[in-house]
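Colleague: For the protein sequence lines, the chains are F and D, in the order given.
My numbering numbers the first residue of the first sequence as 1 and each following residue consecutively.
My numbering numbers the first residue of the second sequence as 1 and each following residue consecutively.
Calculated from the structure, these hints are not laboratory results.
This structure is a prediction, so every number in the text was calculated from the model and none was measured.
Hints should not be assumed to be uniformly reliable.
[Said to hold, decoys possible] Straight-line C-alpha distance at most 35 angstroms; calculated DSBU-like pairs for lysine-lysine:
id	chain 1	residue 1	chain 2	residue 2
1	F	LYS4	D	LYS14
2	F	LYS14	D	LYS15
3	D	LYS61	D	LYS97
4	D	LYS189	D	LYS20
5	D	LYS90	F	LYS144
6	D	LYS189	D	LYS14
7	F	LYS15	D	LYS117
8	D	LYS185	D	LYS163
9	F	LYS144	D	LYS15
10	F	LYS90	D	LYS4
11	F	LYS163	F	LYS61
12	D	LYS117	D	LYS144
13	D	LYS56	F	LYS189
14	F	LYS97	D	LYS185
2 protein chains.
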Amino acid sequence: MEFKEIVMSRYAVKKFDGRKLPASKLNELMELIRFAPTSFNLQPYKVKVVSDQKTKDLLQKASWDQQQIGTSSHVLVFCADTNIAALIDKLEGALLKSGASEESIKGYVQMMRDFEKSMDQAQKLAWAQKQAYLALGNALNGSKALGFDSCPMEGFDPKEYSKILKLPGNLVPTVVCPVGYAADKPRPKIRFEAEYLFF
Amino acid sequence: MEFKEIVMSRYAVKKFDGRKLPASKLNELMELIRFAPTSFNLQPYKVKVVSDQKTKDLLQKASWDQQQIGTSSHVLVFCADTNIAALIDKLEGALLKSGASEESIKGYVQMMRDFEKSMDQAQKLAWAQKQAYLALGNALNGSKALGFDSCPMEGFDPKEYSKILKLPGNLVPTVVCPVGYAADKPRPKIRFEAEYLFF
Chain F
1 MEFKEIVMSR
11 YAVKKFDGRK
21 LPASKLNELM
31 ELIRFAPTSF
41 NLQPYKVKVV
51 SDQKTKDLLQ
61 KASWDQQQIG
71 TSSHVLVFCA
81 DTNIAALIDK
91 LEGALLKSGA
101 SEESIKGYVQ
111 MMRDFEKSMD
121 QAQKLAWAQK
131 QAYLALGNAL
141 NGSKALGFDS
151 CPMEGFDPKE
161 YSKILKLPGN
171 LVPTVVCPVG
181 YAADKPRPKI
191 RFEAEYLFF
Chain D
1 MEFKEIVMSR
11 YAVKKFDGRK
21 LPASKLNELM
31 ELIRFAPTSF
41 NLQPYKVKVV
51 SDQKTKDLLQ
61 KASWDQQQIG
71 TSSHVLVFCA
81 DTNIAALIDK
91 LEGALLKSGA
101 SEESIKGYVQ
111 MMRDFEKSMD
121 QAQKLAWAQK
131 QAYLALGNAL
141 NGSKALGFDS
151 CPMEGFDPKE
161 YSKILKLPGN
171 LVPTVVCPVG
181 YAADKPRPKI
191 RFEAEYLFF
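So here's chain F without its partners, still in its complex pose (with noise of 0.2 angstroms):
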């Protein structure tokens, strides 16, 4: 499918009709995300994938009980994670093993402590988050590639999404993406005209 028809096709599911996604398609879509652009490959989020029934229907119960939970096969919850400076390491560890010289990495390295350093704790969230949401667009325009639908959701209480889910403090529920096959209908796109958004 060209990257246009996905982008004009895919919309905002309201109801999946409950199937379930075949493994392999999953394993797919987490593959279009895991490889999502992130500044300085950090991915400073983590996506709790949840499937059984029960997870889901507490998760709706605290989406203003939006049915498109329930009815998913499954749920992405894309988790900022606020702990950069772990990640960090992490990523330098990744490099070093995967054939680069210290020396090689130090300036890289460097920068993003740097970085991380020239920022509070609400700006850290606020970074991370912006990161999960490019991660969210693979996950989007992902979906229908593969064949199946997503929705995108805001409207959902954080704070009891880390508490079903038993989150660690570090990682803050920023965006809640269910997927699954369509039970509904899309409406025309409503845009602002390019004349407008472009400038």
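Knowing the structure of chain F, use the given hints to seat chain D on it.
Modeller: For chain D alone, kept in the frame of chain F given last:
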């Protein structure tokens, strides 16, 4: 091009070859950005399109002198729009103009107004910026889909950008995306393992 190929071959270009994109290609890219997923259909951002060399050179100086800017064909400056209330009015007008009845959109419009009122200025900016990143995602994948290249950039001085581009106070430069034809080669993508990223 399949979406997977787009995702795997796209990379952050460090130097472009200076060639200009045909206007038709740029227009196609703008349509892919315009139809990016966006919360409430509100598109709380505008995109400044810069093609003249003099302005690009000024922007490069305000971007740690990174040559992606000056060597690109066009620079897209994604600006978050913090005047959410005005956007809600604009969207309401567009919906009525498209034939929707006032009654049918009343609940939707009220939901947006309540959402807008629930946020302080910093929260409005943070929300609009996250939405801008969804649009950025389509710019990055869209460029590759259309046969050219791009680079997402956070390393720039938003205040300097505001001055150079004479932006009104409600438009906050959030992320920059030069586009054009690459004059460098991609390096292997480094990403955390799936077993870590998904849990």
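Colleague: Determine for every hint whether it applies to the structure shown.
Modeller: Comparing the hints with the structure gives:
1. Taken as a hint, the F:LYS4 and D:LYS14 pair is honoured in the structure, with Cα atoms around 26 angstroms apart against an allowance of 35 angstroms.
2. For the hint linking F:LYS14 to D:LYS15, the alpha-carbon distance of about 43 angstroms lies beyond 35 angstroms, and the restraint is violated.
3. For the proposed pair D:LYS61 and D:LYS97, the alpha carbon gap of about 44 angstroms is over 35 angstroms, so the pair is violated.
4. For the suggested pair D:LYS189 and D:LYS20, the alpha carbons sit about 27 angstroms apart, so the restraint of at most 35 angstroms is met.
5. Between the alpha carbons of D:LYS90 and F:LYS144 the distance comes to roughly 29 angstroms, so the proposed pair stays at or under 35 angstroms and holds.
6. Annotation: proposed proximity of D:LYS189 to D:LYS14 holds, straight-line Cα distance about 15 angstroms (limit 35 angstroms).
7. In summary, the hint linking F:LYS15 to D:LYS117 is supported, as the alpha carbons are separated by about 28 angstroms, within the 35 angstroms threshold.
8. In summary, the hint linking D:LYS185 to D:LYS163 is supported, as the alpha carbons are separated by about 33 angstroms, within the 35 angstroms threshold.
9. A threshold of 35 angstroms between alpha carbons decides the hint, and for F:LYS144 with D:LYS15 the separation of about 32 angstroms falls inside it, so the pair holds.
10. A threshold of 35 angstroms between alpha carbons decides the hint, and for F:LYS90 with D:LYS4 the separation of about 26 angstroms falls inside it, so the pair holds.
11. Between F:LYS163 and F:LYS61 the alpha-carbon distance is near 13 angstroms, which keeps this suggested pair within the 35 angstroms criterion.
12. Proximity of D:LYS117 to D:LYS144 is assessed by CA-CA distance (about 39 angstroms); at most 35 angstroms being required, the pair is judged violated.
13. With a C-alpha separation of about 33 angstroms, the suggested pairing of D:LYS56 with F:LYS189 holds against the 35 angstroms cut-off.
14. Between F:LYS97 and D:LYS185 the CA atoms are separated by roughly 22 angstroms; this keeps the pair inside 35 angstroms, and the hint holds.
In summary, the structure is inconsistent with hints 2, 3, 12 from the numbered list given earlier, while agreeing with the others.
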